[in-house]
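Build out the structure end to end from the sequences listed, making use of the hints.
Listed in order, the protein sequences are those of chains Z and R. For the record, in the first sequence the residue sitting at position 309 is 309 according to the working numbering, with numbers rising by one throughout. For the record, in the second sequence the residue sitting at position 113 is 113 according to the working numbering, with numbers rising by one throughout.
Keep in mind that the hints were calculated from the coordinates and are not lab data. Hints may contain errors.
Because identical chains share one entry, a pair is satisfied inside a single copy or across any pair of copies.
Said to hold, decoys possible - Calculated pairs, PhoX-like style, for lysine-lysine (alpha carbon to alpha carbon, straight line, at most 20 Å):
(1) K160 / K349
(2) K61 / K154
(3) K378 / K81
(4) K61 / K297
(5) K154 / K297
Everything numeric in this text was worked out from a predicted model, so none of it was measured.
2 protein chains.
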Amino acid sequence: MGVEFLNIIETDEAIDIIQEKFDECYTAESEIIDIAESANRITFKKIESEIDFPPFNRSLKDGFAIKAEDSYGVSEENPKKLKIIDFLEAGSFTEKTVEPGTCVEISTGAPIPNGADAVVMVEFSYKSHENTDLEDDEVEILTSVTPSQDIGQKGSDVKKGQVILNENIILNPPKIGVIAAQGIDKVEVYRKPKVGIISTGNELLTNQEELRPGKIYDVNSEMIKAGVNSCGAEGECLGIVRDNYDDLKKKITESLKECDILLCSGGTSAGAGDNIRHILDELGEVYIHGIAVQPGKPTILGIVDGKIVIGLPGNPVSAIVIFNVFVAPAIKKLAGYKAEEEHETIKGKLARRIHSPIGRMQYQLVRVEGDTVYPIFKDSGAIFSLASAAGYTKVSKQTEIVEEGEEVEVTLFN
Amino acid sequence: MGVEFLNIIETDEAIDIIQEKFDECYTAESEIIDIAESANRITFKKIESEIDFPPFNRSLKDGFAIKAEDSYGVSEENPKKLKIIDFLEAGSFTEKTVEPGTCVEISTGAPIPNGADAVVMVEFSYKSHENTDLEDDEVEILTSVTPSQDIGQKGSDVKKGQVILNENIILNPPKIGVIAAQGIDKVEVYRKPKVGIISTGNELLTNQEELRPGKIYDVNSEMIKAGVNSCGAEGECLGIVRDNYDDLKKKITESLKECDILLCSGGTSAGAGDNIRHILDELGEVYIHGIAVQPGKPTILGIVDGKIVIGLPGNPVSAIVIFNVFVAPAIKKLAGYKAEEEHETIKGKLARRIHSPIGRMQYQLVRVEGDTVYPIFKDSGAIFSLASAAGYTKVSKQTEIVEEGEEVEVTLFN
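Here it is as structure tokens:
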């Protein structure tokens with residue numbers, strides 16, 4: 001029961017089709033979460049300020065809240081005595097009104113009392129004695145101040161209704177601080193798309209099993225789950241399925257009930273025992289089978305019941321590269337990331353020549369030391385190259401050789 | 001009850017003292033976690049391979065496992081018939097031995113049977129008829145192969161005992177894949193230091209309270225917690241405490257029982273109502289009080305019962321900058337990060353002149369558009385500058401003016 005690949009398509013076309021199908025199948029959704037859990041989540045809507053900030057005129061200095069006109073002409077040589085009618089720390093307030101000839105002693109952050117319109121810093125004042133009996137207390141001010149001096153006006157930092165954060169903003173610590181300043185305890189963020197992950201293959205063991213002849217441990221489930229999670233989605237490993245048409249069809253059907261997107265790996269080629277293509281043809285429609293890329297030609301995109309099923313190559317190196325290049329951007333967009341927040345890249349000089357097949361885009365794993373880029377050449381199926389690989393560099397399909405010493409761009413694994 | 005600052009120290013000295021005190025007080029600890037939860041955790045020890053990989057000689061191609069010498073002299077013009085004695089898919093194995101004149105049909109990934117020492121790709125073979133009766137089945141091979149051809153030798157990717165991951169490696173998806181390939185289900189990682197966070201101030205409200213005259217919402221608790229978590233530690237908000245010596249002393253004493261490190265904000269200056277310094281003097285010893293930096297001069301480091309207590313400025317902009325510059329590196333080191341994995345920086349041209357005080361290192365908040373860097377000038381106490389701030393740029397204490405158009409380095413908030 002063989003099947004042909006569909007037209008082998010170019011990498012750019014594959015990226016476009018995958019994005020197009022994601023856009024057709026999904027609309028981003030939001031959820032309301034506690035601000036305490038909001039780190040690294042992404043705003044779904046613009047957030048407008050619910051308050052003026054500061055919420056009142058407040059003192060920017062420790063000193064004395066006065067009527068500015070009481071200070072006109074005042075200097076060290078010509079000080080002026082004012083009666084202290086109250087003392088305000090941050091967090092307290094007074095009903096008293098500052099009249100000409102009076103003032104309120106005030107701490108940084110405390111609200112400016114009625115009647116006062118400027119603050120004289122404590123450095124420009126002289127109190128002859130410490131007196132806890134406010135009735136008798138007075139201060140000499142030694143400088144003139146202008147109206148509004150050292151007052152943070154209500155709403156000067158932000159006004160009620162002003163946009164404080166746009167949509168699609170990743171909530172880092174300072175931005176969480178901005179939300180906290182509003183007294184908000186909930187925030188609307190992108191819901192994490194739920195991504196199911198299945199590994200297929202008769203040779204695969206779970207980490208709960210003993211190694212047996214002919215078997216190897218499943219790599220892709222946990223690796224792809226971590227990749228999915230790093231895209232702002234929620235990966236769930238749904239298990240290992242044998243290369244059996246009926247078992248796999250049943251597993252795919254059941255899994256699609258539990259997730260938004262399904263990622264399978266293995267069984268995506270065009271040989272006997274490669275069942276994914278057949279099953280997706282039967283259950284839905286296949287839009288991609290075969291990309292002109294190395295590694296990872298046997299990549300599949302199908303849609304079943306309005307949900308996307310991706311078939312990744314079984315080889316772990318191929319699977320993670322194909323995931324990063326083709327699938328991650330679409331998941332990240334659905335999870336609220338802006339396009340510019342793609343994988344980080346660095347540049348460096350190639351330490352050894354790369355030979356690349358004509359006609360296929362190659363993603364070559366590389367190790368990076370300083371600004372030197374070492375290609376990692378391994379058998380197909382080698383896994384431990386991933387231990388030292390910082391990321392991969394692209395070699396275009398027209399290029400057969402990239403020479404030692406050439407500058408290359410490396411997309412880093414995140 | 002005033003107190004003087006200690007000697008105001010330089011930023012570099014402060015960073016050194018903080019690191020030194022962390023090194024004195026703490027030894028990094030590890031914990032064993034499930035690989036499924038290991039994303040972004042940091043390896044505590046070298047991890048050695050527990051198996052040879054591949055765990056057996058395996059076929060790198062679909063084809064026929066033969067004795068190489070059976071193919072010598074063979075070509076399309078001079079094909080050779082071999083009897084097929086078994087068929088092996090990936091995951092299966094056979095007890096049969098390949099003798100001269102025989103072969104085993106084999107899929108990629110399947111174990112090479114005894115007696116065979118090379119694989120002929122299916123593309124270089126011809127089977128005259130499909131026959132399910134293996135007794136009668138035979139294949140014509142059309143090419144010669146050398147011993148070991150298209151065989152992935154046992155242990156060729158990694159040998160048992162070989163180091164696959166070093167210590168202090170952040171577990172990203174490919175590295176998780178490498179661990180998974182071992183069949184390991186647990187991994188030893190750095191334990192997350194537990195960091196308690198307290199906000200102090202009579203003016204502070206929780207987000208469960210209504211805004212009242214003279215009050216503002218607590219920003220620092222959730223913001224600093226998010227900052228702590230981004231350092232690979234586990235932040236816990238322990239609440240708001242009033243500016244009251246006894247309450248704050250009790251809270252600090254109790255909190256230290258629940259965490260490794262305690263971060264307080266507010267009440268760190270040298271005025272009346274600034275209690276943190278007094279309390280730390282009473283409970284333990286103060287090593288830093290006052291750094292020649294703007295913003296954030298009133299920063300404290302004390303040690304109580306062998307645990308570090310940091311007093312951050314109450315102003316949120318100061319608090320997050322001081323946290324990032326002085327505290328985050330020490331927490332990250334304790335959490336297993338290597339020093340080179342510090343905050344990300346970018347370079348850009350300054351859009352407007354910055355005036356900076358002589359004698360204090362200034363950390364100027366900036367907004368970034370493309371490669372243009374806009375300083376954000378706001379009142380002290382302004383918070384919403386954090387909404388647009390990408391990070392900060394340093395202005396050294398000898399510099400009074402950084403001119404428009406100069407190239408500056410920006411440390412990004414993460």
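Verification of the supplied hints:
1. Taking the shortest alpha-carbon separations for K160 and K349, neither the intra-copy value of 52 Å nor the inter-copy value of 33 Å comes in at or below 20 Å.
2. Only within a single protomer do K61 and K154 lie at most 20 Å apart by alpha-carbon distance; the minimum there is 15 Å, versus 74 Å between protomers.
3. Within a single copy, K378 and K81 get their C-alpha atoms no closer than 86 Å, and across copies no closer than 33 Å, so neither meets the 20 Å cut-off.
4. Within a single copy, K61 and K297 get their C-alpha atoms only as close as 67 Å, which misses the 20 Å cut-off; across copies the closest is 15 Å, which meets it.
5. For the identical chains of this complex, K154 and K297 are neighbours neither inside a copy (62 Å) nor across copies (26 Å), given an alpha-carbon limit of 20 Å.
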